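Number of protein chains: 4
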Amino acid sequence: MTGEQEKAREDIANRLARIAGHAASLKRLWDEGRESREMLTQVAAVRAALDAVGRAILEQEIDHQLSRALVYGVSDEASRALKEALDRLL
Amino acid sequence: MTGEQEKAREDIANRLARIAGHAASLKRLWDEGRESREMLTQVAAVRAALDAVGRAILEQEIDHQLSRALVYGVSDEASRALKEALDRLL
Amino acid sequence: MTGEQEKAREDIANRLARIAGHAASLKRLWDEGRESREMLTQVAAVRAALDAVGRAILEQEIDHQLSRALVYGVSDEASRALKEALDRLL
Amino acid sequence: MTGEQEKAREDIANRLARIAGHAASLKRLWDEGRESREMLTQVAAVRAALDAVGRAILEQEIDHQLSRALVYGVSDEASRALKEALDRLL
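Residue numbers (our numbering), protein chains in the order written: chain Y, 34 to 123; chain S, 34 to 123; chain A, 34 to 123; chain E, 34 to 123.
Don't read these hints as lab results, they were simulated from the structure. Treat the hints with caution; some may be incorrect.
Which copy? The list can't say, so a pair holds if one copy fits it or any two copies do.
What the hints assert, rightly or not - Lysine-lysine pairs mimicking DSSO-like chemistry, simulated, CA-CA at most 27 Å apart: (1) Lys-116 / Lys-60; (2) Lys-60 / Lys-40; (3) Lys-116 / Lys-40.
Here the structure is a predicted model, which means the values were calculated and not measured.
Using the sequences plus the hints, can you model the full thing?
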């Protein structure tokens, strides 16, 4: 793995750790009886963070599949993998 | 709180607990080096669960605001609160 | 219909007319061979306008159902209708 | 353009033509005074069709950029273009 790829992996790990903490706090806020509007704001914030990390994982996959296509000199497998990755997220 | 409202609160608490567990597992899967396609499937699953709980909270708010409007005999405040709740989710 | 409701109806009619025009232009841009990135920007813009008009229709429905609940003095039917409207949009 | 690419272009053109027709019908339905729930169903249907055509355009771009990367033997430009395309849609 290159330094850049390692940094990208770490960035995603950090985002996922923050999302886990944020998701755990949703349960606490609910148990404390917070207002619906506050709950909805927090739910939307966690969802936005999930969207962002999903995009980051997909971007990493784009680079991975482009490298594979160049190594093997063919694009069929990379094309199929990227479309499948996209399908899972959208 | 009526029995039905209490059941709705509990249902939302249970969903939030499951979402927290699922979000924590995302971090673990990433640290284990799972494939991007599996990660994206799991990210999409947590997001769908968040969407569903957000909708459940909003439905609870609809009932709460309708009751308030009937008690006070006016709808302005309930209208404002529901539109604000919707804005936060969408 | 009150003046305010009539204005809300007109606002939605105007938004829908603009969306129809924008959607028709997507086909023209494609036939002219515009770049994918420009197409995707325009597709996202039409989608955002659709989301906004859907929200406006839902807000109108909120006011309609709150008025009905106050007229009849019960909220069951209004609650059911609003949740169904929400389901269709989300 | 290969036969397959030409077919993909035509498929997208057909989808965009249907979306334009569907979007125009939204305005007509509204002017006829259709119920909110019917309007919301139709708005959601047009939005789903837009999402699908956006995905189809992005898939075409994936193939285009993979081909370019293989022709030039480098992936930087293709990586940048695909991430930008993704950003516009998401």
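Here is what the structure says about each hint:
no.	hint	verdict
1	Lys-116 / Lys-60	between (35 Å within a copy, 24 Å between copies)
2	Lys-60 / Lys-40	between (31 Å within a copy, 16 Å between copies)
3	Lys-116 / Lys-40	both (25 Å within a copy, 18 Å between copies)
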